[in-house]
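S.K.: For the record, the sequence lines run as chains X and C.
Per our numbering, the first sequence starts with residue 6, numbered consecutively.
Per our numbering, the second sequence starts with residue 1243, numbered consecutively.
Source of the hints: derived by calculation from the structure; they are not laboratory data.
Some clues are possibly wrong.
For lysine to aspartate or glutamate, the following EDC-like pairs were computed, each having C-alpha atoms within a straight-line distance of at most 16 Å [stated by the list, open to error]:
1. C/Lys1685 to X/Asp206
2. C/Lys1436 to C/Asp1401
3. X/Lys168 to C/Asp1509
4. X/Lys11 to X/Asp99
5. X/Lys214 to C/Asp1686
6. X/Lys23 to X/Asp75
7. X/Lys263 to X/Glu125
8. X/Lys168 to C/Asp1392
9. X/Lys73 to X/Asp99
10. X/Lys214 to X/Asp174
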Amino acid sequence: MTTASKVAAKFVFQGTVKRVKASNVKAVTDTTRTAVVTVNRIISAAAELSGFVNQDVTVQLAPGERVKADQAAVFYTNGWLFGENLAVRSEGHDLVKVADAKTRAASAVAAAAAPRATAEDHVRQIRERVNDAPVVVSGRIVAVGLPAAAAALAAAAGSRQSKPISEHDPLWHEAVVEVDDVHKGSVGTKQVVLRFPSSTDVRWRRSPKFRVGQTGVFTLRPDQVTAASALGKAAAAFGPATTFTCLDAADFQPADQKSDVAAAIDAAKGQ
Amino acid sequence: MQKKRPAVVKSRNERKVARDRSSKAAAKKPAGKRGAKPGADARPAAAAATGVLVVNMIPKSLSTEENQDSEPMIAVNPADRDYIVGTAFTPDPFGSGLAPYFVSTDGGATWRLNAVVPGGNQTGDITVAFSGAGRKLYAGILRLDSPTTDTRMSILRCDDFAAPTPMTVLADRQQPDQPFTQAAVQGGGADAGKENFYVGNNDFANMPQTATIDIGLDAGSATPAINSVRLERRANAGQNGPQVRPSVHSDGTVYAAFYGWRSQAGDWPSNTLRVTADAVVVRDDSWGRGPQPFEALTDPADGVVGRRVAQNLGFAFNQTGLPENGQQRLGGALSIAVDPRPTMSSTVYLAWGADDSDSNFAVDVRVSRDRGVTWSPSSLLPLSRATNAALAVNSNGIVGLLYQQLVGSGVGMRWETHFRRSSDTTTWSDLVVASAPAGGPAKDFDPYLGDYCHVLAVGEDFYGVFSSANTPDPANFPNGVTYQRNADFTTRKLFGLDGTTQVRASIDPFFFKITGSAGSADLPSRKRGADLPEPRHRGQRRPR
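Let the sequences and hints guide you as you build the complete structure.
M.R.: Rendered as structure tokens:
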């Protein structure tokens, strides 16, 4: 297994091997390369996985990977099966010294460990978005409205529709951000305009929906999707501005989570 | 009583050996015990009322999830009905870049996730179908890794639905909406044994006549030819509706239904759009193989391809669901089902959603017994404040109708999920498989319950899936239910994996199976209790 695959692992936990050549998932019938491992501490995981502290999971070992009963190790894993229990595929493990393991396991109070692990995953998500975004600013939303094209269409056409009606229509809106700080890149103006899908459809469930008064940190990419060059009424009142999009849930962080973004930017700079 | 099937991670040969052993072992058990314990940690998933099985599909290991798992679909393998796949708006908790579907290998008693669907951690719309050839599964999906400006549809296939191998992409193009997948194996003739799929979709690449079926002939081959057949032949209101539904008979008859949008009023962004449409049925008599597929049925009034079963149907087409409609986004509902009996492809049922005079949405059901030429003049079963209609016909010719109906008012509003059957289209049995408050949990996105749910028949049995609020309240499941996730039906609370951390209620997918004539269709309409034993509600024991 490679370091890269361990780094990319989605579920990293410290665990103690309970049984080798065993499984606690009914669907896993070939147990020649599996082990049942008790999760002592979650190091990195999505929020949905935070409840697995003190739970037994089935680990399918990577080719050539070996563990023994009672060994403690940090396992780097990805998903396999969600059944009556969880089964994961190992990308490799690092053994943990017994004394260290006991100390860590003892301190692994589930209620405390899980939020920390998911917080790390949260920062990782922000870091991934920040890494490939040209601009990161903090500021406040001062106006929200329809883009010029949509507004003109609505005014001119009345009830007559001129483009296809789809449940997955993004229903683009514009938000004007009064910029307080530029954390990455440059914007050249005091305001920037975000185009964002206001639709509540499942297609856009992860996209932030902005409203006047929101403050926070915005991870921005140039608008290459709405095909609207002119600004709508709400944005035009603020004069010329660069337009961006902000489409992922991790692209907007409320002001009280500014430190997470700062950590992500620092990490990105350090790479 | 279902045979207990082995786990599916084994190879096929290993599985066959295990299955043989399992069947023999089961045969030795007393009948009442057979297949009662699907797993060491799982509670029995026996039917609560005789012949009625309702199961919350969320696996125990996902007990902490609070996702809105709406818009479900189901496929049952006709070659082995223990093999079932379900879908919903369920993300992969691992964020693998592949979306999951639900897998059961024991007839729906237990479920697990298999993340093998390309296109992102979650799909947009997804529908699935087994052809009946081995363990092959077909899917039509909207990918979430689509361009921001367009939808992106993929048609997928895998050789083994339970394997962890990502599905193969057979077709991939932008602009279609709401793919709806059916599949079949041809039973006779020169192409006997070949698989076909039929994916209805609303393809905005062919404005304004957008109603489309993608036909994959010899779909099991390495690179099946796919033909996008445009169904609408009349002038319309710039497009058709998203619902394009095929139904396939083993003699090669393929029906499809769609809404021909005729006019629009109101405003989409303002959520006031109303549509006037025709419910149109088309038919092909030879698997859609000919040079001009789906032209077998013309309308007697204008001679144009496509029988208009109903005209001037009016309904709201919402971009977001309203509280007064139980948070559910409205936009019509459409289902078509052909009688599967060998000589009965002339009989076909159609259900549609439209407004009626008493409520702002309703379901209407009709039947044709002459291959779609003429239709029953009035509704077989008019249903006010109902949507998500889904039809199926079993091997005895009994028609089943699944729908979700809003009852009550104000804070007392509830979504009732009904399954009704009739052998004569006059008398309908009525099983309420779920009844949950419509006001909560609050929706995270649209659609709240889904733009569709699904039912199908294999042999005498009906299999269905619907989404509903998951509060473990016995009153919500009048015919019983089994939960895999940690739930306490006494305190009516959900719990995380530790059995102590409370989890908030959300929308879950629920599987149901009605065996044979359970809740007999020959009896007058009734709800629970008429002649059924007291239902049982089973959840995971909370760890102590």
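S.K.: Does each hint hold? Answer for all of them.
M.R.: Going down the list of hints, with the structure as the test:
1. C/Lys1685 to X/Asp206: 11 Å, holds
2. C/Lys1436 to C/Asp1401: Roughly 14 Å between the alpha carbons, so the hint for lysine 1436 of chain C and aspartate 1401 of chain C holds.
3. X/Lys168 to C/Asp1509: 12 Å, holds
4. X/Lys11 to X/Asp99: Cα-Cα ~10 Å, so holds.
5. X/Lys214 to C/Asp1686: Distance ~12 Å between lysine 214 of chain X and aspartate 1686 of chain C Cα, so the pair holds.
6. X/Lys23 to X/Asp75: 6 Å, holds
7. X/Lys263 to X/Glu125: 15 Å, holds
8. X/Lys168 to C/Asp1392: With Cα atoms ~12 Å apart, lysine 168 of chain X and aspartate 1392 of chain C stay inside 16 Å; holds.
9. X/Lys73 to X/Asp99: 13 Å, holds
10. X/Lys214 to X/Asp174: Judged against 16 Å, a Cα distance of about 15 Å means the pair holds.
Hint compliance for this structure: no hint is broken.
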